[in-house]
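So the protein sequences, as listed, match chains P and Z. Whatever position you read off the first sequence (first residue = 1), add 10 for the numbering used here. Whatever position you read off the second sequence (first residue = 1), add 10 for the numbering used here.
Possibly wrong hints are sitting among the right ones.
Chain copies aren't distinguished; within one or between two, either way the pair holds.
[Claimed, not checked] Subject to a maximum C-alpha distance of 20 Å in a straight line, what follows is the list of computed EDC-like cross-link-like pairs (lysine to aspartate or glutamate):
| id | residue 1 | residue 2 |
| --- | --- | --- |
| 1 | K86 | D32 |
| 2 | K33 | D65 |
| 3 | K16 | D65 |
| 4 | K16 | E117 |
None of these hints come from the bench; they were simulated from the model.
Protein chains: 2
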Amino acid sequence: MSTIEKDRNILTLINVFAVAPDKQQELVALLIDATQQTMKRLPGFISANIHCSLDGKKAVNYAQWESMADFEAMRKNPEARPHMQAAAALAQFDPILCEVSNALSAE
Amino acid sequence: MSTIEKDRNILTLINVFAVAPDKQQELVALLIDATQQTMKRLPGFISANIHCSLDGKKAVNYAQWESMADFEAMRKNPEARPHMQAAAALAQFDPILCEVSNALSAE
Numbered sequence: 011m012s013t014i015e016k017d018r019n020i021l022t023l024i025n026v027f028a029v030a031p032d033k034q035q036e037l038v039a040l041l042i043d044a045t046q047q048t049m050k051r052l053p054g055f056i057s058a059n060i061h062c063s064l065d066g067k068k069a070v071n072y073a074q075w076e077s078m079a080d081f082e083a084m085r086k087n088p089e090a091r092p093h094m095q096a097a098a099a100l101a102q103f104d105p106i107l108c109e110v111s112n113a114l115s116a117e
Numbered sequence: 011m012s013t014i015e016k017d018r019n020i021l022t023l024i025n026v027f028a029v030a031p032d033k034q035q036e037l038v039a040l041l042i043d044a045t046q047q048t049m050k051r052l053p054g055f056i057s058a059n060i061h062c063s064l065d066g067k068k069a070v071n072y073a074q075w076e077s078m079a080d081f082e083a084m085r086k087n088p089e090a091r092p093h094m095q096a097a098a099a100l101a102q103f104d105p106i107l108c109e110v111s112n113a114l115s116a117e
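Please model the complete structure; the sequences and the hints are all you need to start from.
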């Protein structure tokens, strides 16, 4: 289980992948494998939450890192690179680096 | 605090807004107001988690509804419409309806 909270000083990375519907499940499996094999062990990793769109055309990774420095270190890590290249071969993506402005729940 | 979990039978709506950087904070305030004034009271609302991108060009709402029927009812609700029109006047957006395939945390 992952949590979203206001005023938690972390980096949130929202990565929307555009994918052919017949490749969506392959992409989702690849993102889960990349997290379990590599990302989970890297310093500053908090969570990766893999979503698939109901129309089959997208996948979304809602990921959390302790800091921008940890995220940048992951991007330069040789262990992470093959996973990112494999994702790039299947889908187009454009990561959004952001912070939580507010987390509002039902009363 | 909101939570992301696998095998929870809910609808996740990830809405990425493209916005002019000088309008980002206005958009974020509008999304928070819409949630607090209207969405929070609607049947099936679980959470809305408003994010702003560090480059100023995006906002993302990570929202959770109990079911597609609840989400569709919100979209047809006359109380919700003015909020959606106000957001459309400030930003372009394309909601992604999805489900959680996996939620993976650091060990």
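Okay, the hints, checked on the actual structure:
1. K86 <-> D32: This pair counts as neither: shortest intra-copy Cα distance 30 Å, inter-copy 32 Å.
2. K33 <-> D65: Close inside one copy (12 Å), not across copies (31 Å); limit 20 Å.
3. K16 <-> D65: Close across copies (19 Å), not inside one copy (30 Å); limit 20 Å.
4. K16 <-> E117: within (17 Å within a copy, 23 Å between copies)
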